[in-house]
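Using the sequences provided together with the hints, build the complete structure.
Chains as they are written, first to last, in this note's numbering: chain U, 1 to 113; chain E, 1001 to 1113.
These are computed hints drawn from the structure, not numbers from a lab.
Beta carbons are placed, not taken as given, at the ideal position from N, Cα and C, and that holds for glycine.
Just so you know, not all the hints are guaranteed correct.
[Stated by the list, open to error] One-sided and incomplete, this derived list gives chain U residues near chain E with beta-carbon spacing under 8 Å:
{"no.": "1", "residue": "GLY16"}
{"no.": "2", "residue": "SER46"}
{"no.": "3", "residue": "ILE49"}
{"no.": "4", "residue": "LEU101"}
{"no.": "5", "residue": "GLY104"}
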Amino acid sequence: KNQVEQSPQSLIILEGKNCTLQCNYTVSPFSNLRWYKQDTGRGPVSLTIMTFSENTKSNGRYTATLDADTKQSSLHITASQLSDSASYICVVSLNNAGNMLTFGGGTRLMVKP
Amino acid sequence: GAGVSQTPSNKVTEKGKYVELRCDPISGHTALYWYRQSLGQGPEFLIYFQGTGAADDSGLPNDRFFAVRPEGSVSTLKIQRTERGDSAVYLCASSPGATYEQFFGPGTRLTVL
Chain U
1 KNQVEQSPQS
11 LIILEGKNCT
21 LQCNYTVSPF
31 SNLRWYKQDT
41 GRGPVSLTIM
51 TFSENTKSNG
61 RYTATLDADT
71 KQSSLHITAS
81 QLSDSASYIC
91 VVSLNNAGNM
101 LTFGGGTRLM
111 VKP
Chain E
1001 GAGVSQTPSN
1011 KVTEKGKYVE
1021 LRCDPISGHT
1031 ALYWYRQSLG
1041 QGPEFLIYFQ
1051 GTGAADDSGL
1061 PNDRFFAVRP
1071 EGSVSTLKIQ
1081 RTERGDSAVY
1091 LCASSPGATY
1101 EQFFGPGTRL
1111 TVL
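Below is the structure:
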């Protein structure tokens, strides 16, 4: 069964600190991997999309890495802000069609002042 | 223009009742997706429309669930004989085409008592 596992399930950090969220997947074949940010009560918003040939992609203070050989991805958040408090969801696509997305359970991040 | 909108934002109903959830996609987006998200979990795919037709409804859990998109724009997710296990946030997303980035709505929180 295709799966996307994320760790940790939840994380609390102090404002200004860095953190790294992990994503392991068994989805095959693999087309692209996405990280989404989901604020409470809102829909997910895309942060990064990486194809299997890309190793890293940045979006402001967010940097995603991908190792397609080990089927692992990480999302690094630098100099965290209170507004970073949200759930971060790793999503793997079997192909380029939007109906073949497999979502991870998410990591709930809380940034405290 | 406006993003994806969903109504109602919250719906409370009694077991056995019928409910309709509405999604207004971004204007011009041909692809529309419905997902279901349980508390603390990532979204699960339900159904995907390309234009007016359901291109993939493999995620619908059973025949109590049905969705339409008669004019290729607004979509309605219909749930018959609701059960307590149907309680979840129902997310809608749209994209310019099947292989493009998806934009999510805020979701409808359905509670079945």
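Quiz prompt | Violations among the numbered hints, reported as their numbers in ascending order | solution = Violated hint: only 1; rest satisfied.
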